[in-house]
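Produce the entire structure from the sequences given, and follow the hints as far as they go.
2 protein chains.
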Amino acid sequence: MNAILASTSTLHSQDYLEYLIPHLPKLYKDVAEVIFIPYARPGGISLDEYTLRAKEAFAKADIKIKGIHEFEDPEKAIQNAEGVFTGGGNTFLLVSELYRNRVMAVLKQKLKSGTPYMGTSAGTNIGGLSMQTTNDMPIVYPPSFQTLGLVPFNINPHYLDPDLNTKHKGETRETRIKEFHTLNSPPVVGLREGSWLELSDNKVTLKGDLTARIFKKDKVPFEIETDSDLSDLN
Amino acid sequence: MNAILASTSTLHSQDYLEYLIPHLPKLYKDVAEVIFIPYARPGGISLDEYTLRAKEAFAKADIKIKGIHEFEDPEKAIQNAEGVFTGGGNTFLLVSELYRNRVMAVLKQKLKSGTPYMGTSAGTNIGGLSMQTTNDMPIVYPPSFQTLGLVPFNINPHYLDPDLNTKHKGETRETRIKEFHTLNSPPVVGLREGSWLELSDNKVTLKGDLTARIFKKDKVPFEIETDSDLSDLN
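So the sequence lines, in the order shown, correspond to chains L and S. This note's numbering puts the first sequence at residues 13 to 246. This note's numbering puts the second sequence at residues 13 to 246.
Be careful, since some hints might not be right.
Treat identical chains as interchangeable: a pair holds within one or across any two.
What the hints assert, rightly or not - Cut-off 20 Å, straight-line C-alpha distance, at most; resulting in silico cross-link-like pairs (EDC-like, lysine to aspartate or glutamate):
#, residue 1, residue 2
1, Lys-181, Asp-221
2, Lys-181, Glu-30
3, Lys-181, Asp-27
4, Lys-190, Glu-61
5, Lys-76, Glu-94
6, Lys-190, Asp-60
7, Lys-219, Glu-30
8, Lys-179, Asp-221
9, Lys-229, Asp-173
10, Lys-179, Glu-30
11, Lys-215, Asp-239
12, Lys-179, Asp-27
To be clear, the hints were calculated from the coordinates, so they are not data collected in a lab.
Here it is, written out as structure tokens:
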């Protein structure tokens, strides 16, 4: 597999995809056109608006983008894709639309056969075994929580450390992931903003400047360094 | 209906249910025993542990508690209940268990006929039309997102104002609710910690010291004061 699974599309005080653009030419080498999946619609923007935003960012790396909704048959569009990028937004909406448009199965098959892929946020969440460690609101009821399983674990994008000074009593991210592990066994990678997973051949590597936090069922969570190999985390 | 739907069980630097205990004798007047629904299991604690915690708090108001899981037939337990309390935790787990144990329908019917009810956090979320404005992780796949509909709108407990100083790029609560409204029409009450909704006869009133934030589809959100009447918000 060849993929970048990034925690976030945008870093503080940067432009959309700015820190990822330098990595696109290598990932999408020799790809004439990348199919963009805008289904997650961040903040409810339209599919066209979202595709335009991705198009403008990818243009900085001289890569062409076309929205999957611009094709008559989305399943066939993925079947013929040379490269795919799925943007962030609401993961429940993204997963619902992937199933409704019969894209989930063909996308999984294409990516497992090596078609280059980038995901950010919700687009990264679906790279895990299930979407069950998303931070998003269940604004729509998807037919399943199962996702692509490009990696043998789950991902929590936008990972946030507990705020030790807060008076707010809502659950911390760590507590939420602990609750996930009372009912599910896959490890969870808490991916901070600025980190990404690089999938190259059969290797999964942590990239970016930050450590990531690993949660295993019934174990104390721990940090891993940049360039750590996560291929065997399951 | 007679209910308290509270944003949170616990306020900063207070004991469990401390600020709600003074209101229990009036709500559960002449109730010999309150049935506690511990299904949401905060942080994954056991049903017994959670019930003990509720039992100890309710003892301060001289009210007896029994866990629904201590009955052989949970549906019948609710059918015969004189009062009900649902604690917080994970809303996906709570809703899954309410359906699995055939409690959702009978609970709705009992509460609509006037049986006193208190909910905190997840227990409040299910008082809305659906659980689709929960903040929780989808750690289990429920058969439906539809809930009790004690009020004609949705509730977002633990409502959090945007942190204007953060560098984190995850969605704010307001953005998440806006995304809900791109696909759904019910208003959403953002209930801050320390606020609760009082349901008395057919009236819904905001209680506690804080304002609440009202989100309506395609409208600018606005604040309402304590003692506001929300009966007609739909």
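Status of the hints after comparison with the structure:
With identical chains, the CA atoms of Lys-181 and Asp-221 are at most 20 Å apart between copies only, with a shortest distance of 17 Å across copies and 31 Å within one. With identical chains, the CA atoms of Lys-181 and Glu-30 are at most 20 Å apart between copies only, with a shortest distance of 14 Å across copies and 35 Å within one. Only between protomers do Lys-181 and Asp-27 lie at most 20 Å apart by alpha-carbon distance; the minimum there is 12 Å, versus 33 Å within a single protomer. Taking CA atoms no more than 20 Å apart as the test, Lys-190 paired with Glu-61 passes between copies only; the shortest distance there is 17 Å, against 37 Å inside one copy.
Proximity of Lys-76 to Glu-94 under the C-alpha cut-off of 20 Å is restricted to the intra-copy arrangement: shortest distance 11 Å within a copy versus 65 Å between copies. Taking the closest pair of Cα atoms, Lys-190 and Asp-60 come within 20 Å of each other only across two copies (19 Å); inside a single copy the shortest separation is 38 Å, beyond that limit. With identical chains, the CA atoms of Lys-219 and Glu-30 are at most 20 Å apart within one copy only, with a shortest distance of 16 Å there and 46 Å across copies. Within a single copy, Lys-179 and Asp-221 get their C-alpha atoms only as close as 30 Å, which misses the 20 Å cut-off; across copies the closest is 16 Å, which meets it.
In the homo-oligomer, the alpha carbons of Lys-229 and Asp-173 lie at most 20 Å apart inside one protomer (18 Å), although the nearest pairing across protomers, at 32 Å, exceeds that limit. Taking CA atoms no more than 20 Å apart as the test, Lys-179 paired with Glu-30 passes between copies only; the shortest distance there is 16 Å, against 34 Å inside one copy. Taking CA atoms no more than 20 Å apart as the test, Lys-215 paired with Asp-239 passes inside one copy only; the shortest distance there is 11 Å, against 59 Å between copies. In this assembly of identical chains, the alpha carbons of Lys-179 and Asp-27 lie at most 20 Å apart only when taken from different copies (14 Å versus 32 Å within one copy).
The structure shown violates none of the earlier numbered hints.
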